[in-house]
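Please build the complete structure, drawing on both the sequences and the hints.
If you read the sequences in order, they're chains A and B.
Each step along the first sequence adds one to the number in our numbering, with nothing skipped, and position 187 is 187.
Each step along the second sequence adds one to the number in our numbering, with nothing skipped, and position 32 is 255.
The hints are simulated quantities; they were obtained by calculation from the structure and are not laboratory data.
It is possible that part of the hints are untrue.
Stated by the list, open to error - Okay, derived cross-link-like pairs now, SDA-like style, lysine to any residue, Cα gap no bigger than 25 Å in a straight line:
| hint | chain 1 | residue 1 | chain 2 | residue 2 |
| --- | --- | --- | --- | --- |
| 1 | B | 346 | A | 103 |
| 2 | B | 346 | A | 107 |
| 3 | B | 346 | A | 98 |
| 4 | B | 346 | B | 356 |
| 5 | A | 123 | B | 338 |
| 6 | A | 123 | B | 348 |
| 7 | B | 346 | A | 102 |
| 8 | A | 123 | B | 329 |
| 9 | B | 346 | A | 100 |
| 10 | A | 123 | B | 314 |
| 11 | B | 346 | A | 111 |
| 12 | A | 123 | B | 323 |
| 13 | A | 123 | B | 321 |
| 14 | A | 123 | B | 340 |
| 15 | A | 123 | B | 345 |
Stated by the list, open to error - Sample of chain A residues at the chain B side, in silico, Cβ under 7 Å:
| hint | residue |
| --- | --- |
| 16 | 94 |
| 17 | 104 |
| 18 | 107 |
| 19 | 111 |
| 20 | 113 |
| 21 | 116 |
Note that the Cβ used here is the ideal one computed from N, Cα and C, for glycine as well.
Protein chains: 2
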Amino acid sequence: MAVRAQVSDSVQDYAKAIWSLSRRSAEPVSTSAIAERIHVSAASASAMVKRLESMGLAVRRPYHGVSLTPAGERVALEVIRHHRLLELYLAEALGMPWDRVHEEAEVLEHAISPELSELIAAKLGNPTHDPHGDPIPTSEFEINEPPTRAMSDLEPGTRGVLVRVSDSDPAMLRYLAGRGIAPGDGFEVLDREPFDGPLTVRFGDEEHVLGGTLTQAMRTLTA
Amino acid sequence: MAVRAQVSDSVQDYAKAIWSLSRRSAEPVSTSAIAERIHVSAASASAMVKRLESMGLAVRRPYHGVSLTPAGERVALEVIRHHRLLELYLAEALGMPWDRVHEEAEVLEHAISPELSELIAAKLGNPTHDPHGDPIPTSEFEINEPPTRAMSDLEPGTRGVLVRVSDSDPAMLRYLAGRGIAPGDGFEVLDREPFDGPLTVRFGDEEHVLGGTLTQAMRTLTA
DNA sequence: CAGGGGATTTAGTCACGCCTAAAATCTGCT
DNA sequence: AGCAGATTTTAGGCGTGACTAAATCCCCTG
Chain A
1 MAVRAQVSDS VQDYAKAIWS LSRRSAEPVS TSAIAERIHV SAASASAMVK RLESMGLAVR
61 RPYHGVSLTP AGERVALEVI RHHRLLELYL AEALGMPWDR VHEEAEVLEH AISPELSELI
121 AAKLGNPTHD PHGDPIPTSE FEINEPPTRA MSDLEPGTRG VLVRVSDSDP AMLRYLAGRG
181 IAPGDGFEVL DREPFDGPLT VRFGDEEHVL GGTLTQAMRT LTA
Chain B
224 MAVRAQVSDS VQDYAKAIWS LSRRSAEPVS TSAIAERIHV SAASASAMVK RLESMGLAVR
284 RPYHGVSLTP AGERVALEVI RHHRLLELYL AEALGMPWDR VHEEAEVLEH AISPELSELI
344 AAKLGNPTHD PHGDPIPTSE FEINEPPTRA MSDLEPGTRG VLVRVSDSDP AMLRYLAGRG
404 IAPGDGFEVL DREPFDGPLT VRFGDEEHVL GGTLTQAMRT LTA
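Laid out in structure tokens, this is it:
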């Protein structure tokens, strides 16, 4: 354990991916899920996960999945704190459009020092949540994040809040923005067609019909 | 030429180093000078310079030195623009201490997108010079930078302005700050001892005796 | 309970960017 | 001119993190 190789940007990305995917279900995370999220081949993901394990950041059950150790979770939460603080700062302090903020933060999260991260947090008034309702890990890397559900999984009649779009896909965010929908908005699912069919969802007074690919990416917080 | 392998962070660092070293004299830049500046072995610098040449960013005269092509200069000026804008922004907008700003910008300069860079420039009011008198390349990557001279090379009687400390060495910056000296301050050289000996320099009403290592790192703009 | 399909891991490569050691080249001095 | 010493380049390696192809494993179905 803890073979003291230092934590590279890539290792941080893997820790972050495993952490996020863990939120989705109680199961250990599969290699292919990680590969898809990082945009990497399954073979590469398998090799990197093995490396995380050798560093003491993850525990692997070969062929069955992986989960983070407390040390691994710490790494993930540090990156996620940086990421969410940066998103907030870029949008609020610099006026960067919301659909561009994620991509920029994805790179900067690895580049900012702990000192800069805390300066930014202080400038923002040490926020505990981003404007969409996502919590921001504390500077001690603790978080209490209620699990989110994909909108595509919700039954008609369910009410909730759209919290984020997976990977903050800029095209999806722009499409939604064009229809007057943004993270942070409340909604009610009115109808669901079978076979991954479109959902009819009410946001405010407007009804929208949203396709399966889109609603699978929309993470929601339900009552 | 221009094998359009993309310009990695390392390649950017080499371009920046060659550009800065070129300012010091008209000669092409030696491998060992680059190696020392990047903190890398001469063999590594030699190999990377060859790579820059294959990308069309530099021209090499083996065993005699290297200089940038217009394309290489463009790369260097883009990084330098990012660097100086970031230094300014970190200090002014976020209150980061001046002796920490350089190190942070050294990393971030490779991570920010052109869009973010321009947002930062706009927030700063599109500055053309940093507070020390160093010019900032324009967004079209043009610059008119008068060559600086090491303070150690100045004759007694010379007046000028301290513009920067090489590599913004934090220890040197802190030492100078402790004596009330900062980049941007005017001075007059009063006396110089031979054999790399200490200089006596007047800053404002105070006289200071400064050692050779320090004055070699202090870049100045003289009348 | 055997076979097959899908997921996972292993095996073998590659590019990048660094290293040390050794060979090649240049320069200055006699 | 020729040699010594310094600089530069070449040769050979290493770690990281990606890839494809091939082998292996898990589990579901017949």
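Tested hints:
For a cut-off of 25 Å, the pair hint linking residue 346 of chain B to residue 103 of chain A stands: about 21 Å separates their Cα positions. A distance of roughly 21 Å separates the Cα atoms of residue 346 of chain B and residue 107 of chain A; the hinted pair therefore holds under the 25 Å criterion. Taking the CA atoms of residue 346 of chain B and residue 98 of chain A, the gap is about 18 Å. The hint holds against a cut of 25 Å. Between residue 346 of chain B and residue 356 of chain B, the direct Cα distance comes to roughly 19 Å. Compliance with the 25 Å bound is thereby established for this hinted pair.
Only pairs whose Cα atoms come within 25 Å are accepted, and residue 123 of chain A paired with residue 338 of chain B is accepted, the gap being roughly 22 Å. Between residue 123 of chain A and residue 348 of chain B, the direct Cα distance comes to roughly 20 Å. Compliance with the 25 Å bound is thereby established for this hinted pair. A distance of roughly 20 Å separates the Cα atoms of residue 346 of chain B and residue 102 of chain A; the hinted pair therefore holds under the 25 Å criterion. Only pairs whose Cα atoms come within 25 Å are accepted, and residue 123 of chain A paired with residue 329 of chain B is accepted, the gap being roughly 22 Å.
For a cut-off of 25 Å, the pair hint linking residue 346 of chain B to residue 100 of chain A stands: about 18 Å separates their Cα positions. At roughly 13 Å between alpha-carbon atoms, residue 123 of chain A and residue 314 of chain B fall within 25 Å of each other, so this suggested pair holds. Only pairs whose Cα atoms come within 25 Å are accepted, and residue 346 of chain B paired with residue 111 of chain A is accepted, the gap being roughly 21 Å. Straight-line distance between C-alpha atoms of residue 123 of chain A and residue 323 of chain B comes to about 18 Å, which keeps the hinted pair within the 25 Å bound.
Distance check on the hinted pair: residue 123 of chain A and residue 321 of chain B sit about 18 Å apart at the alpha-carbon level, within 25 Å; holds. Restraint check: the Cα-Cα separation between residue 123 of chain A and residue 340 of chain B comes to about 20 Å, which is no more than 25 Å; the hinted pair holds. At most 25 Å may separate the alpha-carbon atoms for a hinted pair to count; residue 123 of chain A and residue 345 of chain B meet this at roughly 19 Å. Because the beta carbon of residue 94 of chain A sits about 5 Å from the nearest beta carbon in chain B, less than 7 Å, this interface hint is met.
For residue 104 of chain A, the interface hint holds, the least distance from its beta-carbon to any beta-carbon of chain B being 6 Å, beneath 7 Å. For residue 107 of chain A, the shortest C-beta to C-beta distance to chain B is roughly 5 Å, which falls under 7 Å, so the interface hint holds. For residue 111 of chain A, the suggested interface contact is upheld, since its CB lies about 4 Å from the closest CB of chain B, less than 7 Å. Interface restraint check: residue 113 of chain A against chain B, minimum CB-CB distance 6 Å, threshold 7 Å, status holds.
This hint holds: residue 116 of chain A has a C-beta 6 Å from the nearest C-beta of chain B, less than the 7 Å allowed.
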